[in-house]
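Novice: Here's the letter readout for the chains.
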Amino acid sequence: MNPPPLVRDLIRATSRQAVLWRKEDLLLYEYDALSALRQPEAVVFPTSTQEVVRVIRVAARHGLPVIPRGAGTGLSGGATVAQRGIVVGFSRMNKIVEIDLENQRARVQPGVVNLDLSAAVSDAGYYFAPDPSSQKACTVGGNVAENSGGPHTLAYGVTTNHVLGLEVVLPDGNVVHTGAKFWDRPGYDLTGLLVGSEGTLGIVTEITVRLSRLPEAVNTLVAIYDRVSDATQTVAAITARGITPAALEMMDGFTLRAVEAATHAGYPTDSAAVLLIEVEGLREAVEEQTETIEAVCREHSAREIRRAHSAEERALLWKGRKNAFGALGRIAPNYYVQDGVIPRTRLPEMLEYTAEVEKKYELRIGNIFHAGDGNLHPLIMFDARDPSQCERVGRAAKDLMVKCVEMGGSITGEHGVGVEKNELMPLLFSDDDLAMLRRIKEVFNPLGLLNPGKVLPTGKICGELRVQASVGA
Amino acid sequence: MASSVQSAHMELAAWVGSDHLSDDPAVCRAAAVDGKAPALVVYPSTAEEVAGILRIAATAGLTVIPFRNRTQLDIGNPPERYDVGLSLKEMNNVWHYEPSDLTISVEPGMKLGDLQYLAAQDHLWLPLDPPGGVKASLGGTLATNATGPLGHGYGSPRDVVLGMKIATTEGKIIKTGGRVVKNVAGYDLAKLLIGSYGTLGVIVEANLKLYPLPRQRATYVLRAKSLGMARELRRCILATPLHFLRFLLVNPAGARWLRQGTPLAVESTKPEIWMEAGGSERVLERTQKSLEDLCREAGVSVETCGGAEAESVWNRASEFRHAVVEAQPGTVVVRASLPIAACEEFLSAAQQEAESAEFAALGSPGVGTVHAAISGYRDLGDAGSTIRRLRQSARSFGGALVVERCPVALKAPLDVWGDPGDDFDLMRKIKAAWDPQRTLAPGRMIGRI
Ligand SMILES: Cc1cc2nc3c(=O)[nH]c(=O)nc-3n(C[C@H](O)[C@H](O)[C@H](O)COP(=O)(O)OP(=O)(O)OC[C@H]3O[C@@H](n4cnc5c(N)ncnc54)[C@H](O)[C@@H]3O)c2cc1C
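Those sequence lines, one after another, are chains W and L. Going by the working numbering, the residue at position 314 of the first sequence is 314; the numbering climbs one at a time, nothing skipped. Going by the working numbering, the residue at position 320 of the second sequence is 1320; the numbering climbs one at a time, nothing skipped.
Hints listed in this document are in silico derivations from the structure and should not be mistaken for laboratory results. Cβ coordinates follow ideal geometry from the N, Cα and C atoms, glycine included. Hints are not guaranteed to be accurate.
To be verified - Distance condition first, Cα-Cα at most 30 Å in a straight line; then the derived DSBU-like pairs of lysine-lysine:
(1) K460(W) x K1175(L)
(2) K1175(L) x K398(W)
(3) K1429(L) x K403(W)
(4) K1036(L) x K460(W)
(5) K1175(L) x K1225(L)
(6) K460(W) x K398(W)
(7) K1089(L) x K1175(L)
(8) K441(W) x K403(W)
(9) K441(W) x K460(W)
(10) K441(W) x K360(W)
(11) K95(W) x K322(W)
(12) K322(W) x K1175(L)
(13) K1172(L) x K441(W)
(14) K1225(L) x K1172(L)
(15) K1429(L) x K460(W)
(16) K23(W) x K460(W)
(17) K398(W) x K1089(L)
(18) K1209(L) x K441(W)
(19) K1089(L) x K1270(L)
(20) K398(W) x K1429(L)
(21) K1175(L) x K441(W)
(22) K1175(L) x K1429(L)
(23) K1172(L) x K1270(L)
(24) K1411(L) x K1429(L)
(25) K1036(L) x K403(W)
(26) K441(W) x K1429(L)
(27) K1089(L) x K1172(L)
(28) K1135(L) x K403(W)
(29) K441(W) x K398(W)
As the list claims (entries may be wrong) - According to the in silico footprint, chain L covers these stretches of chain W (three or more CB under 8 Å from chain L):
(30) 135-149
(31) 195-204
(32) 228-241
(33) 304-315
(34) 379-393
(35) 408-416
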């Protein structure tokens, strides 16, 4: 079969090996970690900024949108094809361009895998602070687009706090540079605006990040509870003592049992909830904070508090946590990860509400989340072959989001809006708010050529989750 | 123009009440920006009033500059036009304060000192120390992304804002972000407003992240024998796991300025490094010991101080940029933003470029910022060419230089921001999309936007 004209143009813009266009090759690119949508017309893997520019010009000529894609681990459908378009994959732009330790900076291409960046500087005592649980696979470009968080962003801030500059290709093929290697470049903070814009304002082709010093000492604690409410109350109590742990994660008993079955990380399977707490910093500070935290946990009826005694034990506990979605995936045909935020003092109330939702819709919901930030990830288990379950999953998820908003929170803390929640945006934003967001979009992406159908409501269906998990993982 | 001011005057008076508006020439002169006085000053007390003022002004083709305590108002190119001064001094409310969530929502006119006082009751603080110190308003601090020495430990205003409400020139009040510490719903418009110097919209409410107050603090002073040695010390100290709230490098004139009028006043002839650490007694003991071990080799002793003494020096540090001009009108203050590694070299180059003028510099090498005050120059021409040379020097190190304060006559030929980059076209379009009539502070920001 001869390649169609679009493909010939894309090959001319890049190279023959850089373009996928046969139906069977495109299958994978219907998906990200949320769901499957449509097949792209082609997938192209540029190796340089110049190739990205040429690709976007080809796309414009053919009147086709462009959908940037990192590793496809996104949980809001950001890298899927909402209408038609060309997927631009960054797996071949995966070079660390510069490591500059004295300036605590690195410059990377967008396809660099998050963990590879930290690994490249760890011998010198540095790391890249944002650590999404998917960090073995997800890319720095994806992190920038989603403004990703992770367990350790509680103390150190999310991606936007660690990105100083971007090289961006605009839909008209212009290449611009925002921010700088130094902070506080005069002018509007376009870097801050682009981080979290989910590929709808520009294609990021290079990223300047801040590298952080690895801490001198780390303590990892597991506090075990017989009542969920004791665990959730501990969270705000730790903060009230003036301590910001590096990480403060919670898993409920249901999740723990799944995690143990999958990872054998050493979590107790007979408890109602655990907190996984990490403190980092100077040896002296870590010791003192550990003691205080242990005392707070005991005051809140923790049954037992364990400390990881070795790097291996610590790694195992984190492996259990970071693989938890997958572990839950083993016990039901499908699962749907939600992402909402509430003020952390409202955690006890929110978990009670989640239990009510579980009952109301007759679904199992696992609770695993970044408790210190008030960033919840209820995992709804279901079987996609049963239409009634699918429908209940959607309603349950929406109820949870509405509750987050009622509590003064948000419909997404780190997974993004994507195609999943764009119709829920009116829960948070008025027409006036949305109008100003649209004007920003029109400045960068006037013809809607970049990642259309994402972030902003399309107005076709109002107030519903537009796409929910259907694939399971 | 005069007639449109007159008719807008009536409309504004009807909107905010005639007791919330003044055309008294003395009042207007006091609201002047770069020597240009507005025809009116309005004092809204609600977000809705701010939005209405902007709408009325935009419709009448008038220009508006928002301000509060004027601590940062000197920064910027001279306004092209300036009809209405928008004083935020009546907007001081705290809307939500949740100590256990470490969040607070405030109106823009609230002074930093008042917020710190409130938060301290719960052992919390907002770790910002912008020029103007406690007098700086929160709106002004955010609008100018103003940082001080605490930037070393806590970052800039950009890192403490969770969300905000913004009054637009169409008279709308829009919201971005929220009151929770993590939120990625929609574009982060707060980032755009922070550091926009009042040229896109007026911040009418800000949700901020608070931090626990350090239990105890200690200040350490190192007197380096040269800038070269200061560089070595900075490298070694930043490579340790020690954590500092503030980290300042000052040249001899900067050191004299810092110490002046405090119990720590001594004659300084060498560059000094001033650091502040926070934490428990054990943490501070450890910090001191590690510093001593590290400095022994270099033959430098570690002096320590604390309490009111240290506080007075740190206050002088955050007020530096503002206070040097008050003390000696005509002083030029520049901000160089540099890669971390270039700070000492820039200081030494700048010292030479300043030639015979007095040159006092306070740098935060940990983040790559140097503030310098230049006074005693021969004439404006001399000052102008000194600034150009300093800017060239900052560029040669891969940085940029902004003139924060200088005599107005220097501003026109210089452009205080320097040349914009290849992203300027986007900035221009954003300005046009949000403020199509150029109602807000026209001409003041980068590229005279
Ligand atoms: C098991 C699991 C755990 C997870 N844990 C976390 C977590 O702890 N915290 C968290 O925040 N997220 C988490 N995620 C979500 C996801 O991993 C992150 O959003 C991640 O940053 C996505 O990176 P990616 O490379 O896979 O991007 P993709 O999914 O490929 O793309 C995501 C978005 O980025 C855009 N994009 C990608 N590259 C570019 C570019 N160069 N320029 C412009 N736009 C671009 C895409 O168009 C899309 O909108 C998790 C996901 C899974 C499956």
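Novice: Next step is simple, just say for each hint if it's right about the structure.
Specialist: Evaluated hints:
A C-alpha spacing of about 23 Å is found between K460(W) and K1175(L), which places the hinted pair at or below 30 Å, so the restraint holds. Of the pairs offered as hints, the one joining K1175(L) and K398(W) holds, with about 22 Å between alpha carbons and a cut-off of 30 Å not exceeded. At roughly 38 Å between alpha-carbon atoms, K1429(L) and K403(W) are farther apart than 30 Å, so this suggested pair is violated. Restraint check for K1036(L) and K460(W): not satisfied, since their Cα atoms lie roughly 51 Å apart, outside the 30 Å limit.
Under the criterion of a C-alpha separation no larger than 30 Å, the hint pairing K1175(L) with K1225(L) is inconsistent with the structure, at around 52 Å. Of the pairs offered as hints, the one joining K460(W) and K398(W) holds, with about 17 Å between alpha carbons and a cut-off of 30 Å not exceeded. The suggested pairing of K1089(L) with K1175(L) holds, with an alpha-carbon distance near 22 Å, which does not exceed 30 Å. Of the pairs offered as hints, the one joining K441(W) and K403(W) holds, with about 29 Å between alpha carbons and a cut-off of 30 Å not exceeded.
Distance hint between K441(W) and K460(W) is fulfilled; the C-alpha atoms sit about 19 Å from each other, no more than 30 Å. This hinted pair does not check out: K441(W) and K360(W) have alpha carbons roughly 39 Å apart, beyond 30 Å. Proposed proximity of K95(W) and K322(W) is supported: the alpha carbons are some 25 Å apart, at most 30 Å. With a C-alpha separation of about 34 Å, the suggested pair K322(W) and K1175(L) falls outside the 30 Å cut-off, and the hint is violated.
Restraint check for K1172(L) and K441(W): satisfied, since their Cα atoms lie roughly 19 Å apart, inside the 30 Å limit. Simply put, K1225(L) and K1172(L) have alpha-carbon atoms about 57 Å apart, too far for the 30 Å limit, and the pair is violated. Taking the CA atoms of K1429(L) and K460(W), the gap is near 29 Å; set against the 30 Å cutoff, the hint holds. About 29 Å separates the Cα atoms of K23(W) and K460(W), which keeps this hinted pair within 30 Å; it holds.
Under the criterion of a C-alpha separation no larger than 30 Å, the hint pairing K398(W) with K1089(L) is inconsistent with the structure, at around 42 Å. As the CA atoms of K1209(L) and K441(W) are separated by approximately 28 Å, the hinted pair is consistent with the 30 Å bound. Note on K1089(L) and K1270(L): the hinted pairing is violated, with a Cα-Cα distance of about 42 Å set against a maximum of 30 Å. For the suggested pair K398(W) and K1429(L), the alpha carbons sit about 37 Å apart, so the restraint of at most 30 Å is broken.
A threshold of 30 Å between alpha carbons decides the hint, and for K1175(L) with K441(W) the separation of about 17 Å falls inside it, so the pair holds. This hinted pair checks out: K1175(L) and K1429(L) have alpha carbons roughly 21 Å apart, not beyond 30 Å. Taking the CA atoms of K1172(L) and K1270(L), the gap is about 54 Å. The hint is violated against a cut of 30 Å. With a C-alpha separation of about 24 Å, the suggested pair K1411(L) and K1429(L) falls inside the 30 Å cut-off, and the hint holds.
Using a Cα cut-off of 30 Å, the hinted pair K1036(L) and K403(W) is violated, with the two alpha carbons roughly 51 Å apart. Between the alpha carbons of K441(W) and K1429(L) the distance comes to roughly 11 Å, so the proposed pair stays at or under 30 Å and holds. Only pairs whose Cα atoms come within 30 Å are accepted, and K1089(L) paired with K1172(L) is accepted, the gap being roughly 21 Å. Distance hint between K1135(L) and K403(W) is unfulfilled; the C-alpha atoms sit about 39 Å from each other, more than 30 Å.
At roughly 26 Å between alpha-carbon atoms, K441(W) and K398(W) fall within 30 Å of each other, so this suggested pair holds. Coverage of the segment 135-149 of chain W by chain L holds. Counting CB-CB distances below 8 Å, 3 residues qualify, and the rule asks for three or more. Chain L is given as covering the segment 195-204 of chain W, and this holds because 4 residues of the stretch bring a CB closer than 8 Å to a CB of that chain, at least three being needed. Counting residues of the segment 228-241 of chain W whose CB falls under 8 Å from any CB of chain L gives 3; the rule of at least 3 is met.
For a cut-off of 8 Å, the count of residues in the segment 304-315 of chain W with a CB near a CB of chain L stands at 0, and the three-residue condition is violated. Residues of the segment 379-393 of chain W with a Cβ under 8 Å from some Cβ of chain L number 0, which does not satisfy the need for three, so the listed coverage is violated. Counting residues of the segment 408-416 of chain W whose beta carbon lies closer than 8 Å to any beta carbon of chain L gives 9, which meets the minimum of three for the stated coverage.
This entry does not satisfy hints 3, 4, 5, 10, 12, 14, 17, 19, 20, 23, 25, 28, 33, 34, going by the numbered hints stated previously.
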